[in-house]
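There are 4 protein chains.
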Amino acid sequence: MTQDLASPVSLTAVDAPDQPTPTPELEQLYRGFEQELLIPLWTEIGDLMPVHPRSRAVPHVWRWQNLLQLADQAGHLVPVGRGGERRAIALANPALGGKPYATPTLWAAIQYLMPGENAPEHRHTQHAFRFVVEGEGVWTVVGRDPVPMRRGDFLPQAGWNWHAHHNAADRPMAWIDGLDIPFQYNAESQFFEFGREAISDEERTTPERSRSQRLWGHPGLRPVSAPGATVGTPLLNYRWADTDAALTDQLELEAEGHPGTVEPGHAAVRYTNPTTGGDVLPTIRAELHRVRRGTETAPRREAGSSVYQVFDGSGTVTVGDSSWSVSRGDLFVVPSWQPLSVRSEAGSSDSDSGALDLFRFSDTPIFEALHLDRAAVDR
Amino acid sequence: MTQDLASPVSLTAVDAPDQPTPTPELEQLYRGFEQELLIPLWTEIGDLMPVHPRSRAVPHVWRWQNLLQLADQAGHLVPVGRGGERRAIALANPALGGKPYATPTLWAAIQYLMPGENAPEHRHTQHAFRFVVEGEGVWTVVGRDPVPMRRGDFLPQAGWNWHAHHNAADRPMAWIDGLDIPFQYNAESQFFEFGREAISDEERTTPERSRSQRLWGHPGLRPVSAPGATVGTPLLNYRWADTDAALTDQLELEAEGHPGTVEPGHAAVRYTNPTTGGDVLPTIRAELHRVRRGTETAPRREAGSSVYQVFDGSGTVTVGDSSWSVSRGDLFVVPSWQPLSVRSEAGSSDSDSGALDLFRFSDTPIFEALHLDRAAVDR
Amino acid sequence: MTQDLASPVSLTAVDAPDQPTPTPELEQLYRGFEQELLIPLWTEIGDLMPVHPRSRAVPHVWRWQNLLQLADQAGHLVPVGRGGERRAIALANPALGGKPYATPTLWAAIQYLMPGENAPEHRHTQHAFRFVVEGEGVWTVVGRDPVPMRRGDFLPQAGWNWHAHHNAADRPMAWIDGLDIPFQYNAESQFFEFGREAISDEERTTPERSRSQRLWGHPGLRPVSAPGATVGTPLLNYRWADTDAALTDQLELEAEGHPGTVEPGHAAVRYTNPTTGGDVLPTIRAELHRVRRGTETAPRREAGSSVYQVFDGSGTVTVGDSSWSVSRGDLFVVPSWQPLSVRSEAGSSDSDSGALDLFRFSDTPIFEALHLDRAAVDR
Amino acid sequence: MTQDLASPVSLTAVDAPDQPTPTPELEQLYRGFEQELLIPLWTEIGDLMPVHPRSRAVPHVWRWQNLLQLADQAGHLVPVGRGGERRAIALANPALGGKPYATPTLWAAIQYLMPGENAPEHRHTQHAFRFVVEGEGVWTVVGRDPVPMRRGDFLPQAGWNWHAHHNAADRPMAWIDGLDIPFQYNAESQFFEFGREAISDEERTTPERSRSQRLWGHPGLRPVSAPGATVGTPLLNYRWADTDAALTDQLELEAEGHPGTVEPGHAAVRYTNPTTGGDVLPTIRAELHRVRRGTETAPRREAGSSVYQVFDGSGTVTVGDSSWSVSRGDLFVVPSWQPLSVRSEAGSSDSDSGALDLFRFSDTPIFEALHLDRAAVDR
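Chains as they are written, first to last, in the UniProt record's numbering: chain R, 1 to 379; chain G, 1 to 379; chain X, 1 to 379; chain L, 1 to 379.
Derived by calculation from the structure, the hints in this document are not laboratory data.
Small disclaimer: the values here were computed from a predicted structure and weren't measured.
20 Å max Cα-Cα, derived DMTMM-like pairs, lysine to aspartate or glutamate:
{"id": "1", "chain 1": "R", "residue 1": "LYS99", "chain 2": "L", "residue 2": "GLU44"}
{"id": "2", "chain 1": "G", "residue 1": "LYS99", "chain 2": "X", "residue 2": "ASP47"}
{"id": "3", "chain 1": "G", "residue 1": "LYS99", "chain 2": "X", "residue 2": "GLU34"}
{"id": "4", "chain 1": "X", "residue 1": "LYS99", "chain 2": "G", "residue 2": "GLU36"}
{"id": "5", "chain 1": "L", "residue 1": "LYS99", "chain 2": "R", "residue 2": "GLU34"}
{"id": "6", "chain 1": "X", "residue 1": "LYS99", "chain 2": "G", "residue 2": "GLU34"}
{"id": "7", "chain 1": "X", "residue 1": "LYS99", "chain 2": "G", "residue 2": "GLU44"}
{"id": "8", "chain 1": "R", "residue 1": "LYS99", "chain 2": "L", "residue 2": "GLU34"}
{"id": "9", "chain 1": "L", "residue 1": "LYS99", "chain 2": "R", "residue 2": "GLU36"}
{"id": "10", "chain 1": "L", "residue 1": "LYS99", "chain 2": "R", "residue 2": "ASP47"}
Pair by pair, the computed Cβ-Cβ distance ranges are:
{"id": "11", "chain 1": "L", "residue 1": "GLN19", "chain 2": "R", "residue 2": "GLU252", "range": "50 to 56 Å"}
{"id": "12", "chain 1": "G", "residue 1": "SER322", "chain 2": "L", "residue 2": "PRO264", "range": "55 to 61 Å"}
{"id": "13", "chain 1": "L", "residue 1": "PRO24", "chain 2": "R", "residue 2": "ASP47", "range": "42 to 48 Å"}
{"id": "14", "chain 1": "G", "residue 1": "GLU25", "chain 2": "X", "residue 2": "GLY143", "range": "36 to 42 Å"}
{"id": "15", "chain 1": "R", "residue 1": "GLY135", "chain 2": "G", "residue 2": "TRP324", "range": "52 to 58 Å"}
{"id": "16", "chain 1": "X", "residue 1": "ASP378", "chain 2": "G", "residue 2": "ASN161", "range": "26 to 32 Å"}
{"id": "17", "chain 1": "X", "residue 1": "THR21", "chain 2": "G", "residue 2": "SER341", "range": "44 to 50 Å"}
{"id": "18", "chain 1": "X", "residue 1": "GLU134", "chain 2": "G", "residue 2": "GLY97", "range": "38 to 44 Å"}
{"id": "19", "chain 1": "X", "residue 1": "PRO227", "chain 2": "G", "residue 2": "SER322", "range": "45 to 51 Å"}
{"id": "20", "chain 1": "X", "residue 1": "PRO24", "chain 2": "G", "residue 2": "TRP324", "range": "31 to 37 Å"}
Covered stretches of chain X, as calculated for chain L (at least 3 residues, CB under 8 Å):
{"id": "21", "segment": "241–247"}
{"id": "22", "segment": "272–278"}
Beta carbons are placed, not taken as given, at the ideal position from N, Cα and C, and that holds for glycine.
Generate coordinates for the entire structure from the input sequences, incorporating the hints supplied.
If you want it as structure tokens, here you go:
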């Protein structure tokens, strides 16, 4: 639900409730609790039940050039194979205790594959996607369907699907992986299974379009042979050309005086499962936002956390008390209930080509499925 | 549900149950029933509760050339305007008592608009669509959004949306309208409201794409500004280029040995609501079927009725005991639980270009919503 | 949806649109239509697309004493057995062309079983229920579970369940049957199958509670062994004691100043499927209404039709332009969009015991499933 | 989904993948990762992506007598009031780092209220319930509706409902609280708001039944005045008499040869939301299990965690490698994917009165909403 502006969230904090006066008897009681593995609510409530989410995570930015350089070094030093499974290097939020978590629910990594390399097949209950900020040449083989990866492409992949990667090009390729690893780690829902060491020659082909795209990539149409709803999307790649066209259309509609954008100068599309119209994955939402040159978005907070990657353009991002200049490939996190505002760089011309394009993924589907979603715009 | 082949429908008919021996007392009883407006079950059960649907409708074909010729005559004799509302001429199934019903639930008509003509704005709870077998030049204005109509385009329009038509071309244009008029007539759910006599100049523009298409016509993407599910599809036109590409892809996948078609040589796509993945309208399903040259489909029966229009190619259609040669524009009906089989004409070459393309609409969503759907394939 | 009072339904009727001036050419055109089995919209639109539902059915009342007397005569003259299946005598709305339809979608009948008689087992896709206004002694065997029937009990039974009846008492018993026969007849969705001629001795037992009630008749509780949702309710009988208590509670809450009733003095409960919280049957809604002594309900119209039976008390019912005094057992129909108001008889005391209790069933679930539901209250 | 026995979960572990040979270059790479706040997958995958859930929590039992004694001491030493809010003392799983978490998602506590005491009103997004193993005299006021609490009663309360407690009796009362505090803490979805310091005199009444029970506590019936589905159940108390009757019925049905129990000798009911038929709370499932005297249940594992409290009887519980004798009031936890088996004590007679009754709550609704549910029975 979107927060009603007329009834703002109470800011009276539970914070530090008055505690009973320490006495020997109280001390003895607390020792009794400890012995019996008990903890009273009245000493913990401020942390456990805050008036609004106070994320353990902090806003942070990772620079793409640094990631790319370290990934390339790893490409020369660390082989890819069974056991380690993937040459993926994860963002570790500085406030999450040295865990490889971008946020309390989301995992984000740069993955890197050298020319000719293969990442072996496996499957897991964790939901995953890939997004390509630059380069091409890798095909991800999902359920034996080779899916091409190129700049701007988004590749969701629901849990428990077999998948492998192979680099068919003569140069390395990097992309980002997003998964719900921390969420499933906390919920303790994870299963994992090894697949084949090597994919077949047929799967090593490099088609221009995946079979999934040929079946499911036509707007408003579905094959009559597959009538049901699926948990994750059957469309395995969302091509940049489509995403770009949709964003361009929204800004043009706005220019003509029609609705469509999120707010003035701010277009956004959500990747959806064509069998339901809902999110591509049960636990992860993914979107592409375009902020027109010289535009600043209204600060918006949401229960739940997000990770963003700059796809194109440059600008300034403000998350809570932090503010950074960002450009292509930079990644940053927005912790739960922290306000985010984005300002795209004002260019010399007012053409849209200078827009700031941001890829975003978040844990919102979890919140919506459990009726815990809330959002507020600070105007 | 698809009929389990291991438990075929019982063919023991209730048909003509034995009746009690006529006596004066029985006669008197029956007169008593009549006086009190009562009818016993035991005399009616064979008709009311058959072992499987025995449609009151019969299979029938209407020839496009005849329809077109009569519609053109009407174009010169009958004006379009407030009151009559539309120059639409409906198929009347010969077994439905002179009612303008193609089947017990579906209404199908040819609509015809002369150059420069306008059909006035109105709205109604009946769900509707338009499909264009040939021609162009008319724009349907739905909720003030002008939607172009061209050969192969499908335009669904959920109930209670304002809509008008205007012919911007210098020649007449024909298309077919499909509605759930008989269903809503039987259910007694209909509401109707007049709109403006004339649409505005701005709505009289002739854009290449509707605004709905610009917002909703990108595969797997939706505007973040419109996150909910809608009863009818927000996408107001499904262009032929997309439909054709989807069908071509299915047959090519089949040729490569992959799944996707309904049965060998038979590709089919369903038009869907991108906010739900389900049917475009609550009461009407619409599909485009392509039967490869020289292919015959398996006889299939379904609870509920359909209307088909040949979009391209030619072939032979068998519905129950009827069989017809059909070609472009011809319309035919398939009554409930009557088997349908289609054979496309074998051409001189085996290229797909000679395929038989069939537009289909049916009342299946009603059956599915109420858990009354059944289908069986006679192999 | 409930009609917004600020935007009342337009009362401008399409009714009788102006017709084109008759000319020889027009006559010839109309003959052409006839030959080709075509019917123009402009001559039919007033009937097909009214501004609001104008039911073909009319309000009508059937007197219980007359029904009972005729049913008893039939009990002596017409045997029950295979073929005729049931000694059921249906209400035929006087405006529905001699069809055994209470309304365009609903069938309602009195069923009558003599001492020791058995109605043979069968099943059908039509959804059905039984309601008992007086008497006891019959058990309905649904899927081999004997279900007792007593005054005030409601017994829903979803389509395609095997069922039979047997009268274990030494006197005849009558009750009403409600089915969606006209709806399924129009939609052509019906399947029917004969079962066993005779039920087993074990099924001929006369338990106080059905097995379904023992599993599903505990408030807010369900067996862990049956976790899913079912199309029809698994609870096969709703006992009067529970219904009566729920209605009494609502009126007492109202008397204490709390919400709960539909309107002042008007309590109502809906029978629900405990696996979904929704209606007991996919096509039929059933409710029990209690109107406190001396209370008059606000006129309410609804898209869709209803049948009512007076369960207890007496009063005056007004449906559209008709008005009748009614008492125990009387049945009446409310056609689509006709306003209904009920006034219970003012008694000599103000105790609730003189309330007017009305059993109601309607086709509303069809309308809701297809988003065609509308209602309005005339205040 | 229930695990298919023919395809057991792979037991090949990722566990400790081979690591690249340490070299100075590798060391430098790892230092680079650290500086940039990056962590490679190949060193962490064994912990992050196990072949099946390996819970951080451990099985553990808490003895009711010890809890009760400490709670009573707290009753004399620690006041209840604004800030601390509740005299609740939480189970701290010994393997969860000193956090007051029974499992990674569930919070469980004993709450204690002295005669005449009041716990102030507040509300929070955390979903909560109360279950009473013994005693009576407290009313929980939810949205101004006083709800009685007595032995065997279950009181669910969906997030964001105002609530307070008051002890109207002349003796202390204890019960258990269950909440999804750890889950919402990890997801960072929590909101909290203080309400009134004191409830009104009217709310301080001690009715036999809550208003919610009077409206919603009738089997299979709902008020027509409240037709929609609600996120949490509108029924605020589930009385022991109903739960007991439902369990008794299941075991009697089993004894008569009919289905209904979970497995031989093991009856179980789930508390449900009458507006949906689903779980009472979006994140918490609650059930009451009855294991007949001398019966042992099959070991069952489930993705997700549970907390149990013995309501009556005694027996032996085995969770993974742990095994305990338990009796009334004892609480124990079952971590994710650990097998649980229960053996009730064989009594001197075979009457059901010696059954082992277990209250259970779990996080399963979270898993089902996100399609992450799995279960397996080890036979």
